[in-house]
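As they're listed, the protein sequences go chains A and B.
Here the first sequence is numbered in the numbering used here, starting from 1 and rising by one per residue.
Here the second sequence is numbered in the numbering used here, starting from 1 and rising by one per residue.
The hints are simulated quantities; they were obtained by calculation from the structure and are not laboratory data.
Mixed in with the good hints, there may be bad ones.
Claimed, not checked - Derived DMTMM-like pairs: lysine to aspartate or glutamate, alpha-carbon spacing no greater than 25 Å straight-line: (1) B:LYS113 to A:ASP14; (2) B:LYS140 to A:ASP18; (3) A:LYS240 to A:ASP250; (4) A:LYS145 to A:ASP25; (5) B:LYS67 to B:GLU95; (6) A:LYS196 to B:ASP130; (7) B:LYS129 to A:ASP14; (8) B:LYS64 to B:GLU90; (9) B:LYS87 to B:GLU101; (10) A:LYS190 to B:ASP130.
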Amino acid sequence: MSKLKGRSLVSITDYSKDDILKILDIAEEFEQNQRQDILRGHVIASLFFEPSTRTRLSFESAVQYLGGSIIGFASPDVSSVTKGESLKDTILTVSNYSDLIVMRNPLDGSARYASEVSPVPILNAGDGANQHPTQCLLDLYSIRKTQGSLDNIHIAMIGDLKYGRTVHSLVQALSLFGATFHFVSPDSLKMPSSVKTVVKNAGLEYHQYTDLTEVIPIADILYMTRIQGERFPDPLEYEKVKNAYILSNDMLDDSKETMKVLHPLPRVNEITEDVDDNPKAYYFQQAKNGIYIRQALIAAILGLK
Amino acid sequence: MNRRTELKVSAIRNGTVIDHIPAEVVYHVFGILNLDQTANQVYLGTNLDSKKLGKKGIIKISGKYFKDKEISKVALVAPNATLIEIKDYEVTKKENIHLPESVSTIVKCINPKCVTNNQNVPTSFTVTKDHKGNMKLFCKYCEKAMSQANLEFL
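Please construct the entire structure, taking both the sequences and the accompanying hints into account.
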């Protein structure tokens with residue numbers, strides 16, 4: 001029985017290095033044997049206060065592969081939120097009907113608050129622009145699976161490093177494992193100093209670039225991200241940078257044999273479709289790994305693994 | 001203690017003196033402690049010469065002692081101020097105000113999308129310093145950092 005039992009997961013920093021490795025090991029077990037009837041008799045609540053396709057479906061599919069039942073809603077229009085119910089009241093009510101609550105909510109910090117008021121564990125499926133720890137864990141799983149280990153990898157992160165929550169969490173987590181970071185972005189979207197401080201405090205190195213081609217030969221992982229137009233107060237600024245980093249297949253010729261391209265998806269145009277058939281493209285498998293990670297988290301938190 | 005300073009401090013019989021307030025925030029401290037609404041006698045001095053600060057402010061409040069929570073608020077804008085308590089013209093307590101490790105319910109989160117600004121959730125922050133020694137408040141909920149310039153008191 002792991003020490004993850006009964007604990008909410010709100011932010012990746014809630015987990016130690018050992019906790020992370022434990023989840024990755026359990027996820028590996030589920031990849032080998034995905035259908036295990038261990039959740040029979042358990043009810044998981046899936047509360048999506050804002051729409052999400054990928055995350056919600058992969059959580060729900062994770063529960064069903066394990067033989068559990070799901071209750072909940074996929075958008076707040078069909079819940080008592082429309083009647084003005086507070087988050088606290090919704091959580092307290094739903095906790096009466098379920099063993100664990102998976103929640104996505106557009107408010108930053110809503111998951112931490114839910115974990116404080118809820119008598120059952122909360123699994124954060126994204127709280128606004130703040131945290132999305134299951135994405136981080138599936139990224140780590142994908143890196144370990146393709147590189148054999150999380151230790152001392154060279155990871156290049158490309159695109160919107162200022163606002164992208166996935167890259168911030170991934171830097172925090174990989175700093176536990178001794179990575180070297182290569183940050184590629186336009187000047188206006190550079191990695192925030194608070195995240196760079198995490199790297200420095202861990203005694204690790206980071207390098208900053210504006211040219212994507214510089215990092216391709218040295219990276220073990222190319223982590224591409226989407227530059228989101230809605231982040232820019234000035235549309236002209238967005239126009240300047242929106243096509244700054246587009247990865248096409250011919251650019252991968254100089255990359256390491258074992259290098260993999262990751263992307264949290266959805267992509268717009270930052271990876272051209274001709275990359276999809278290259279064995280170095282790993283983003284769709286990465287999304288699939290999300291199911292194993294979510295199975296592992298649910299099983300560990302309920303004390304079933 | 002210098003006799004002249006002691007006389008200055010002892011000018012009230014009972015009450016509190018807050019000394020070594022940077023001159024530029026002295027009115028801010030006045031507001032934070034709601035001294036514009038008190039019926040007690042209050043003396044405010046500003047732009048006084050100070051070896052430590054260049055120009056400093058001092059506030060004396062007669063017949064009033066403050067709770068830790070109120071003093072925490074002062075520490076957020078004047079972290080090196082001195083708190084002196086007087087009873088019967090005697091100094092009974094004199095200490096440097098220190099930044100608290102955390103502050104709850106007294107400051108608003110800067111992030112409009114934070115759960116504390118949208119639901120009935122009391123704010124809570126961890127107080128730290130960045131590599132330049134500047135104070136930062138980290139929201140326990142949305143995990144955003146705020147600097148002194150962004151503070152808004154509740």
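> Which hints, by number, does the structure contradict?
Replying inline: As far as the earlier hints go, only 9 is violated by this structure.
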